[in-house]
Structures are given as structure tokens and as C-alpha cells.
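> Same order as they appear, the protein sequences are chains A and B. Here the first sequence is numbered in my numbering, starting from 1 and rising by one per residue. Here the second sequence is numbered in my numbering, starting from 238 and rising by one per residue.
Source of the hints: derived by calculation from the structure; they are not laboratory data. All figures in this text were calculated on a predicted structure; none of them were measured in a lab. Some hints could be false.
The following residues of chain A were derived to be distant from chain B, with all beta-carbon distances above 10 Å [said to hold, decoys possible]: (1) Tyr5; (2) Gly10; (3) Arg62; (4) Gly70; (5) Pro220.
Chain B is faced by these chain A residues, among others (derived, beta-carbon under 10 Å) [what the hints assert, rightly or not]: (6) Thr73; (7) Ile76; (8) Arg78; (9) Ala82; (10) Pro85; (11) Arg88; (12) Gly89; (13) Leu94; (14) Gly103; (15) Ala104; (16) Val106; (17) Ala110; (18) Ala131; (19) Ala134; (20) Met152.
Glycine is no exception: its CB is placed at the ideal position from the N, C-alpha and C atoms.
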Amino acid sequence: MSAPYLEVRGLKAAYGDIQVLHGIDFSVAEGQIAVILGANGAGKTTTLRALCAMVSTEGSVRLAGEELSGQRTADIVRRGVAHVPQGRGTFPDLSVEENLMAGAYVRSDADVRSDMEQWFETFPVLGERRAQAAGSLSGGEQQMLAIARALMLRPSLLLLDEPSLGLAPMITRSLFEQLTAINAAAGTTMLVVEQNASLALGVADVAYVLEAGEVALSGPADELAADDNVRRAYLGY
Amino acid sequence: MVVLASVLGVFDITLDKLSNGELWLAQFFRGLSDGATYASVALALVMIYKSTGFINFAQGSLALLGVYLAYIFSVEQGLPVAVAVVCAMVASSAVAMFIERVFIRPFPPDHVLPLVIVTLGLLLIIDSAVGIVWGFRTRSLPSMFPSGAPIEWGIAQLTWRTIGNLGTVFAVVGLLYLLLSRTKVGLAFRAVSSNLESARLVGIRVGPTLGFGWALAAAIGTLGGALVVPDLLLEPSIMLRVLIFSLAAAALGGLDSLVGAVIGGLVVGLARNLLVTFLDLSELALATAVAVILVVLLVRPTGLFGSTRVERV
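So that you can see chain B by itself, here it is in the shape it has in the complex:
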């Protein structure tokens, strides 16, 4: 009887919650905001995947490094946060180009397995190095966007930060699309990813093209990190959590699709917030991300928007 009563009680609470429109809306906005941050890190993963065909596990670590640099530039050096983030994007691009040149380029670009192992090693090295240099205490990085909410319905707030996160991710995906489809460097980038040998035979310098991809991905990842961290606290393992949600986003959207990364990010962000709120699953939030990855790989390995490669013989 007691058990039954408590189960009914839980249902009561849940029903209460479920019929609360404001709560839905509040979680919807939060989900969009989180989703935008996952999406922007997912975009960085997709950029590397598009050019090289593998997932760069060090992507989150490069973003972590970038966010720490943004922290140094803003909190310690006193630059405005947005300026500090731009400086950190440039700096982390430089680091990424160095890493690509020293650790990645010695390996043939079409042998994926050694490269994946190298990126896993880089993940551990960079995360530890950040911990050694800046310590493990938590810090807070202010948001680039003003606090407050221009639109409110009860507890549901559409905050400037949510608007800013969404605006940033849409701007990034738009710029990336233009870069890839309208510029010569974008053409080179896509040519390398489509056929390495033919890319060399038309005179594209493959190494620098991939280095450019790494730099761009690091800058996007840093921007993504700078969107995420104000909601959480900055500490050396923070991007590992984000990376898992972003991987789920990228897998859901299709690993080679920019639009897919954004939609995947938003869906994962929404799903996470709604599950945590309405099913009290906060302990399982990370597991839901892993579940998304598993289900996508089983049911539709190319994701929602990924391209199945068409090749006639």
C-alpha cells in the first residue's frame, strides 16, 4: 500500500509538472540554449569529420584550452568578454595548427585508426596540461551576452543568453556554409575530403588545407565552449561532458552535415532538459546522450542529414 501510494504520489507530481505550461516553455528555452552550445561544438567535430573522415576526440580539449585562454584574457587581463573570446579563438587556432603540423601530419591522412588514437592521446595530454597549469579549482567565466530576459511568461524566460547562443550558432553555420560553398579554400577543403589523390593532382596542398580545417574547428570549438561555460563552472573536465552531448548531436544530425549538427544539437539539448525535468532523470542525463548515439548508429548510421555517399561504378 505504501509503495502504491508513493508511486501515485510521484505520478501526481509528474502530472502536476506536465500540466504546467510555463514549466514546459521554461525548459524549452533552456533546452534551446543548451542545444545551441552542443551544436557549436558539434560543428567543430563535423568540420574535422568532413575533411578527414574521423572524429577528433581532442576537439573538446582544444575548446577547453580556448575557454581557459578566454578566462585569462577577460577575468585576469580585463578585456571585454566578447573581445577576449575572439582573442582566444585566434590563439586556440594557432595551437591547433601547431598540433596538426607536429602530431597529425606525419601520419598518412587516409589511415584513420592511428589518427583517432593520436587524438585520444591529445585529449588526455591537453586536459592534464590545463589542470597542471591552471589547477583544478572551479572558476566562472562571464557570458558574452547581457543578463536578464527581454521576454517573460511567469517562470519561462527567453533570456538574452538564449537568444545570443542561438544567434551565434546560426551565424556560425551560415558563415561556414558560405566559406565551404563559395570560396576557393572551401572548394579545396571539400576536394580533399572527397578524393585525396585527385586533390593533390589538381595542385591542392593537402597538409595546409587540413591544417586550416583544424584551425577553424578549434576556433568554433572555443566559441562553443565560451557559450557553454557561463552556465556551468570552468574546470578541466568540463568539456568532456559537453563533448559527449556534442558527439550525440553530431551523430544524430549526420556526422558530415553542418545543418545536421545544429538540428542535432538543439534536439539533444531539448531532450536532455525535458527528460531531466519531467522524468527526474538528472543522474541519467549523460546516459541519454550515449543512448542517442547508440540508437542512431543502429537505426540510421548516416544520421538525419548525413550523406550516404553516392558512387556509381
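Extracted from the complex, chain A is given alone in its bound form:
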């Protein structure tokens, strides 16, 4: 098996004096979708934020063999890491089009426009509202915009924090279908934090379960989905 694309070793993170991650290890192979499950407060969001240097961290984060820890957020983005934060990942005062232009901020190639049109085809509702301020979109539309904004980077690694938060079940399902399609078409490696465990395990290749800042369980997604403890704790049957 080849070296993992994203390899995390002994990752610790803290907000001030409060230690949230106590040294976690995990890895994601290139082109895979990995999901992080866990109860509220287990450190899922913090894990994603730590990968982008948005909290103070210790430990090693390697992307395609290169060390990311110690780098600034803006430089990590330039390595192809896109992050859709929980809730508001958009620029509310900018138009939908400007949000997508901002997503391509570090790109200088000529394909930015055509990429934008491509995401307008994927998410037609965004195309209809391209001149509207992002803040005037509904919650679900803003979530789509945040994801499209992240994809404008042409990321090699896409971090998604609760993409289904506040979305209707139908929209959530179609969103995950879109994500798997993007993963299949562009080979984008994805790391998803998700409360909707059954849906996430359905699309993921590997899964990690976080408990109190440590990895409690890990393995192929279909094995975890069959695990009795996981089923009882996260799938509810």
C-alpha cells in the first residue's frame, strides 16, 4: 500500500489552557473519503481546524509527504487544502459570484471563469442567484455556496465540517451524491466531519471515531457501520 496522502501523527490542539485533542493519529489515502464521527465535544471540528492551523497545535501533519505543521493557514491553502467550516463558510456581503472568485483567490490560471460556470451547473440555484449577496441566500443555499467556494480552489484535500448541518434530508442526500461524484471525477481526497453517521459511512472509505480528543475506533467504513458499538452510539439501531 502506498504512503497515505494525509498522515497525522500525535496531533494535539488546545484553546488556551483547554486541551481538546490529546495526540491523535489517523491517515487518509489519496482519493479516499474519510469520515470522522464522534459525540459533541469529542474534538471533530478542532481536528479540522488543527489541520488548517486555525488553533494552536502540536504534532505532525503531512500532506503528500510534506510537513504542514508550523505553516500558516494562507500557506496551507496554497498547498491545495480547502476547508468548509461549520455553519457560515461564505462572505455574506459579497455576491455569489464574488464568493466563488474569492475561493479561487490563490489561483492565477485562466480557467477560473469556466470552473465557476461548472459549479453553477452543478448547483443551479447558485447560478440563478449569482449577483445576489450571499447573506440573502437560505441556509441550504449558503452551505452549497460554501462548498462550491471551497471547490474553486481545485483542492487536493477537501475538509468538510458538518456539511449537512441545517439542510433538509433530501438536500443532504443530493449533496453527498454530488460529493461522491466530485470525488470520483477529480480524485479529490476528502475528510468529512458529520453527525449524519449512516449517510457519511455510506459514502466513506474509512472512518474514525473520536471520543474525548482521542481516536477510539478506526477502520474501513463498512466494517464500522457493522460494528455493534458504533451502531448503538451513532446510528441508533
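Knowing the structure of chain A, use the given hints to seat chain B on it.
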């Protein structure tokens, strides 16, 4: 009886004035000219407010420093005034970037209160430093524009200076609009002001972007100062007065609106000149500015053109 007579006398004078069309026109032109100068300093305030969400009280002091530099370059070094002003704009931008880097950037950009206190401190430090270096005697800085008036009706003159002040402020607002709406650095600037975290997550370097905003605001403020000072005299407290009128202009126009700053500036300039002339309120000129700020904040806190932030949940 005596009191009545004197009151009637005052009314007579006022009526006399009010029916004097040329005086109206003269004060209208003067108001526009003053208003343009308030507007240009207000534009500098709006630029910082747009990116950071706070009012930079040191803005007038940076402009003061810039105007003194323009004085040095023109009067002492003998450069043409317009060239000297451009050099001073560049120099004050450099100073502003230094100040931003050393005094502002150590504070988290989303904690407004400490930053406001820091800018108040900077105001005092810069104003005093200017006084220590250049002394408190008054000097005069010539205008960038030729003297004389191409258009005259009796005492009402549309001077080159008025035309120049207005032209400058409209050019500045036009260029700023293009910069913010059409360039990548403008997009970064607006992205930072809209959502700091997402700005970082798309790879924008927040610190340098805000530093650029400070540099730009200092250059605009210096230009504004160079428009104001020829009408008054250059001394270390001059920009404090201007800052109050400009704050009123920015509040009236809406603190985050460039067009609002210009219209607010012109309205404040006109109101000031008309009040001073027709109601003999010269002692209260500064108070009218404060009154404008108060009324706007009470009645319409977003100003005439400010955006109420639309955010659906």
C-alpha cells in the same frame, strides 16, 4: 422696547442676508469646497471602517503628518505643490503601514475595543510628535490649484480651488470604487471585512491586506488634508477639527459607504457654511457637527447609504 428693537434689528439683518441671492450662491460654493475636503478625510475613515469595523481615530493625525511632509517637500524643498502632495501621500502610506504592523497587527483583528483605544493613543502620540518636531507656530501651505475664479456672479465665485477640491474627491471615490470592485486586492479587502475566518481559508493573507488598507487610507487622508489646509493655517491641532466634521460626514453617509462619505461631506460642508452665515453661529460650527453625529446615530444608525447587513439563517 430696546430688546424688541434689537431683536427686530437682528431679523432685519438676517432677512437682508436671506434675500441676498449672491450670498447664497457664494456660501453654496464655499460649502461645496469645504464639503469636498471633509469628504476626502471621511473616505479614509470609511476605508478603515469597511475593512476592520472600527473608526480609526488616528486617521486625522496621519493626515496631519502627511500635510506637514507636504509642507516640507513644497515650501522648504521647493517642489511643486502637487508633486509634494503626491510624495507626502507615499511617505504617509509608508508610515501608516509601519504603524499598522507594529501597533495594530499584534491585536486580534476582531477585537474592536482594544484597537479603538490604540488608535486614540496613536492620535495623541502623533499629534504631540508633530508639535515637538515642527513646533506650534502656524504655517501656510499653498493650494495645489491655481488661485482665481473662472466663474463669478458678484461676490459669488466658483474658484479653481472649489473646482479642484470637488474634482479631486470625485476622482478619489471613482478610483476607490474601481479598486474595490474590479481588482483582486479589492476583492481580498472586501472578503476580509465580510468574514475574517473564511478570508483566511481561501488563502488571503489578512495582515498585509489590512496593512494595505491603512496605507491607502493614509494616502487619501493626506490628500484630504492638503485640500483643507490652504483654507486654514497649518498647525498641529488643525486636523482634529477636520476629523470631527469628517466623522459627522461619514456617520451621515453611512460608515461603510464610499458614496455616502462624499454626499455626507458635501451636506456637512454646506450646512456648516449656511448656518455660520445666516444664523451667525460661527461659535457653534463644531457643535453642529457633533449634533449631526448624534441625530444620525439616534434616528438612522446606518446613515443615508450605509448597509444594514443582510444575513439569513
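> Each of the hints needs a verdict: does it hold here or not?
Hint-by-hint comparison with the structure:
no. : hint   : in the structure
1   : Tyr5   : holds, 20 Å
2   : Gly10  : holds, 24 Å
3   : Arg62  : holds, 20 Å
4   : Gly70  : holds, 16 Å
5   : Pro220 : holds, 30 Å
6   : Thr73  : holds, 5 Å
7   : Ile76  : holds, 9 Å
8   : Arg78  : holds, 6 Å
9   : Ala82  : holds, 8 Å
10  : Pro85  : holds, 6 Å
11  : Arg88  : holds, 7 Å
12  : Gly89  : holds, 6 Å
13  : Leu94  : holds, 6 Å
14  : Gly103 : holds, 5 Å
15  : Ala104 : holds, 8 Å
16  : Val106 : holds, 4 Å
17  : Ala110 : violated, 14 Å
18  : Ala131 : violated, 13 Å
19  : Ala134 : holds, 8 Å
20  : Met152 : holds, 8 Å
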